[in-house]
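Fit chain B to the known structure of chain A by using the hints.
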Amino acid sequence: MGKKISIDPITRLEGHGKINIFLNDEGGVENCYFQIPELRGFEKFVEGRPAEEVPQIVSRICGV
Amino acid sequence: MGKLKLASFWAAACGGCDVAILDIHEKIVDLSKVADIVFWPIATDFKYKDVEGYEDGYIDVCLFHGAIRNSENEYVAKLLRKKSKVMVAFGSCAMFGGIPGLANFKQRLDILNKVYVESPSTVNPEKVFPQTEYKVPEGELDLPEFYKDVKCLADVVDVDYYMPGCPPAAHQIWAVIQVIASGNLPPKGSVVGAENKSLCDTCKRVKTDRKVKKFVRPYQIKIDPEKCLLEQGLPCMGPVTRAGCGNQCTNANLPCRGCYGPLDGVIDQGAKYISALASVVDADNPEEADKIISQIVDPAGTFYRYGLPGSLLRRAK
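Chains as they are written, first to last, in the working numbering: chain A, 1 to 64; chain B, 1 to 317.
Bound conformation, chain A alone:
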């Protein structure tokens, strides 16, 4: 099993993300995974809200 390099968090962008890079025994990149560790669930909690509320709520998905 080779080495794992974690870049956590990735920075200078909105939101949370991390990158895991797996190296093989020769030190080359075997595989690379990009993960989004965050979820807030806007898709669900806008349900039941007045329609005119939605633009003001979803503007908080990303304030950047």
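One thing to keep in mind: the hints can contain errors.
Covered stretches of chain B (chain A as the covering partner; in silico rule of three or more C-beta atoms under 8 Å from a C-beta of chain A) [to be verified]:
| id | stretch |
| --- | --- |
| 1 | 24-38 |
| 2 | 50-64 |
| 3 | 91-100 |
| 4 | 114-121 |
| 5 | 141-154 |
Simulated from the structure, these hints should not be mistaken for laboratory data. Where a beta carbon is used, it is the ideal one built from N, C-alpha and C, also for glycine.
For chain B alone, coordinates are given in the frame of chain A:
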């Protein structure tokens, strides 16, 4: 005194608080004269590992935005608490849950189903949800645990100061930074960067003691820019919301949304608002009062728009 060491972090947040800090514009140069940034994911490239390597108390002030939605948010909150002399719950999400706190009206499993199975843009016939641990051919991956409830920062760590707003107003942020730099810190637990009077008290709209016979939605009337919004039948949160934002919504001819939260001594902004409404509804009997109040669409979501996790209710059943 040496330069301050400053950290700013987002948990379950949108980044609007970070942008509000940048909205101090050229004063950011002045900030750099008194403070060094030691962690600020939106603007600088420090990793969690860097923070883990700091001595305890290394950071002078941490501005923590965002609610606590998952185990990573809680881990970083506890890490930053340990490494920081002063912890500020910065913005409505950290203070009382904010917009992400609306998720406490829903159930955890319903949220996951909606996002990962039912949403129109998702193809997931095997109904796979994110796993906290997952084996891939090359090794293991992990993700934070998505909690049942959204929590406030003070639910997981000791908080020194609170600064409300969605986001906090830039002029208030600058004032608070100057106070921090001066070293004249207010008593622990204080709300900073806001006033202890209601938005109503700072609103220049004309109030006439007119009672409300009918509640309306903004698109149903032509809103008079001079008159009290609540008296026009719009459920304005001004009577129960802390002033300090500069009355941005009411100046834009829209009702106060309540983002600065309750005043000192009030733990439940929504309950306080129900009490305020009771005094403005013009009804001769309980049936009529019920009829008028029923015209407010989604009262729970309106009264607890920013503060359900920090309220007495904390979440819907």
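Right, here's what the structure says about each hint:
With 0 residues bearing a CB less than 8 Å from a CB of chain A, the stretch 24-38 of chain B misses the requirement of three and the coverage assertion fails. Residues of the stretch 50-64 of chain B lying with their CB closer than 8 Å to a CB of chain A number 0, which falls below the three-residue condition for coverage. Counting residues of the stretch 91-100 of chain B whose C-beta sits closer than 8 Å to any C-beta of chain A gives 3, which meets the bar of three, so the coverage hint holds. Counting residues of the stretch 114-121 of chain B whose beta carbon lies closer than 8 Å to any beta carbon of chain A gives 3, which reaches the threshold of three, so the coverage claim holds.
Here's how the stretch 141-154 of chain B fares: 4 of its residues keep a CB closer than 8 Å to some CB of chain A, so the rule of at least three is met and the hint holds.
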